[in-house]
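Using the hints provided, position chain B relative to the given structure of chain A.
Protein chains: 2
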Amino acid sequence: MRFAPIPQSLPPTVPFTGPETLERRRGTPFIARLGANENGFGPSPLAIEAMASAASEAWKYGDPDNHELRQALSAHHGVPPESIVIGEGIDGLLGLLVRLMIAPGDAVVTSDGAYPTFNYHVAGFGGALTKVPYREDREDPDALLNAAAETGARLIYLANPDNPMGSWHPAEVIEDMIERLPGDALLVLDEAYAELAPAGTLGKIRADDPRVIHMRTFSKGYGLAGARIGYAIGHPTLIAGFERIRNHFGVNRIAQAGALAALADRKWLSHVQAQVAGARDRISRIAAENGLSALPSATNFVAIDCGGDGDFARKVLAGLDRAGIFARMPGVAPMDRCIRISCGPEAEMNAFSEALPVALAEANG
Amino acid sequence: MRFAPIPQSLPPTVPFTGPETLERRRGTPFIARLGANENGFGPSPLAIEAMASAASEAWKYGDPDNHELRQALSAHHGVPPESIVIGEGIDGLLGLLVRLMIAPGDAVVTSDGAYPTFNYHVAGFGGALTKVPYREDREDPDALLNAAAETGARLIYLANPDNPMGSWHPAEVIEDMIERLPGDALLVLDEAYAELAPAGTLGKIRADDPRVIHMRTFSKGYGLAGARIGYAIGHPTLIAGFERIRNHFGVNRIAQAGALAALADRKWLSHVQAQVAGARDRISRIAAENGLSALPSATNFVAIDCGGDGDFARKVLAGLDRAGIFARMPGVAPMDRCIRISCGPEAEMNAFSEALPVALAEANG
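Chains as they are written, first to last, in the numbering used here: chain A, 53 to 417; chain B, 53 to 417.
Hints may be right or wrong, so weigh each one.
Pairs involving identical chains hold if they fit within one copy or between any two copies, as the list cannot separate such chains.
To be verified - Here are the simulated DMTMM-like cross-link-like pairs (lysine to aspartate or glutamate), alpha carbons at most 25 Å apart as the crow flies:
1) Lys112 to Glu101
2) Lys319 to Glu109
3) Lys112 to Asp333
4) Lys256 to Asp192
5) Lys112 to Glu406
6) Lys112 to Asp373
Note that these hints are calculated values from the structure, not bench results.
Chain A on its own, in the form it takes in the complex (with noise of 0.2 Å):
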């Protein structure tokens, strides 16, 4: 069998397995899920109410024009209606950006270590990946600024704040960063850790910036990971782009019901942005507990330093695997010293600090 050229000459490579597979492999459920950054608070008890409501409606397609999130979120960032497209998460959204702007051998950068996702579509549609090195667990804006105009690249991806370390350039790094673009360069600003970062981390969105693109989702800080809905806003011209390209039915009518229920209780995002800073604070006293140091972490996860090489990392890892936590972590040294856990309520909280002890033990030897 065939393919095209580009599909033909891709491994069969998935970005991430899932932890449902990962169960089946075990054989038994996890007991705490803490792998995928998902946000364990879950969404809004009104978006819930939204999406229960919005099923038996679920004959009808969604609306495509995505109208009344789009005006809500409009609304919200105070920015034009014309600036924002709506898509099946930030990974549906970078597949169609990759698609928009990169022929087959176009530069793009993005940082070593940095979302897998997005170097897949890279490879996805032929473009020409190059990555630099974090620097002190952060994205590097100007090694990403240098290789850029080394290659003449049309994308520059870089996350802020950061996954997998946690990290975050405050507002000025990134305005900086943008107004030093070289050439017609698009900086792909991820911004799904947005709800969870410390004030000053988010610049203002530039909704009518040619040179940048904003990636948000309802994924993370909204609760809706399993809803797949997130948007980008950028400049109009660019965001018609998206027109051209996507799938116009795709997002699905539930998770667009949820969606616009989620951002309008702002109550609840208060709610879990107290919960996530106080699981934060608990997976590092868990880390201290164990003679580990935890990075500071402007996101829902925390990158803990095991206080050895990668090797000794995935020993600890396969331990809390051993016990029944889904965790992940950096796949590119030195990052890779590190696990990364998500935040979740107590009880997944507790039965981490319960094994990591275990984990340690056994990973020592």
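What follows is chain B alone, placed relative to chain A:
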């Protein structure tokens, strides 16, 4: 702003305008939603219950392997799970298939007047589309095969039953067509209306035949259009190709739960089949009462021959719109002598029955 060459060349056209957009333009909601072949009899109550229950689990990503649903579909169709890929409706799967198989300039064949979203995807990946005419209101296998042989087509699209005419070919015609496929052409067999077709329309599912891929959906018979979930069945090597390019976490968790429950509820599907059959008869009677003839249909919609040309049918459609009936019509002559009315519950059928004579009188004078 410079897009990649293929998107840059695309018109900012959208295959379909959604009814919500039309309602915003009209300023009032439709009283009957009969334009998108949605299933107004609704999904199984068990599917609604499953989705409502899954809503509170929406903080978890859906299983990217769609394991449970694939297992259930495997058992239902008697094909191996390796022959099944789940996607965001047939629309999403058609996009992935075109991307997987078609390089810029590659030939693709379809029927003039068949599903516009397929054409949208072919254009979106730079394919060279050849359209052949319908023959007696049906897609024409011989014309498709001849055009495919002449152009060296890699894909041939055929919907059985057909949309927008509701016509169909018996299974033997399709099986004969598969035997006569030229070169390495792949038959894209869109069976969106499979569950509503009369016995003898669907052939054996070919899960190990590299010459055909079956496209199925939960949008029509199962009433889950808004959940955005469909599947393709084909040769395991072809199906594995989707893993190289699909958005692995793209199918939402609530839809997976809904589809699983819908598939299991055979009693509800029988109920819907009976309701649809009744509504088909009702639409035909309404046509006859107005001196028009309805075409036979193997789907959940009926094409009504308005007895004039396309301009006349467009006038009738505009009259229905004024009366609050959302309907659509074929885009190409001579099929555009018809309007296309989806089957729906009694209240919607009554509304159509009241509106049609008025719309006809207006169109006539």
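Here is what the structure says about each hint:
1. Both within a single protomer and between protomers do Lys112 and Glu101 lie at most 25 Å apart by alpha-carbon distance, with minima of 18 Å and 17 Å respectively.
2. Taking the shortest alpha-carbon separations for Lys319 and Glu109, only the inter-copy value of 20 Å comes in at or below 25 Å, while the best intra-copy value is 27 Å.
3. Taking CA atoms no more than 25 Å apart as the test, Lys112 paired with Asp333 passes between copies only; the shortest distance there is 23 Å, against 44 Å inside one copy.
4. Proximity of Lys256 and Asp192 under a CA criterion of 25 Å is satisfied intra-copy only: 21 Å inside one chain copy versus 56 Å between copies.
5. Taking the closest pair of Cα atoms, Lys112 and Glu406 come within 25 Å of each other only across two copies (23 Å); inside a single copy the shortest separation is 47 Å, beyond that limit.
6. In the homo-oligomer, the alpha carbons of Lys112 and Asp373 lie at most 25 Å apart only across protomers (18 Å), although the nearest pairing inside one protomer, at 41 Å, exceeds that limit.
The earlier numbered hints are all upheld by this structure, with none contradicted.
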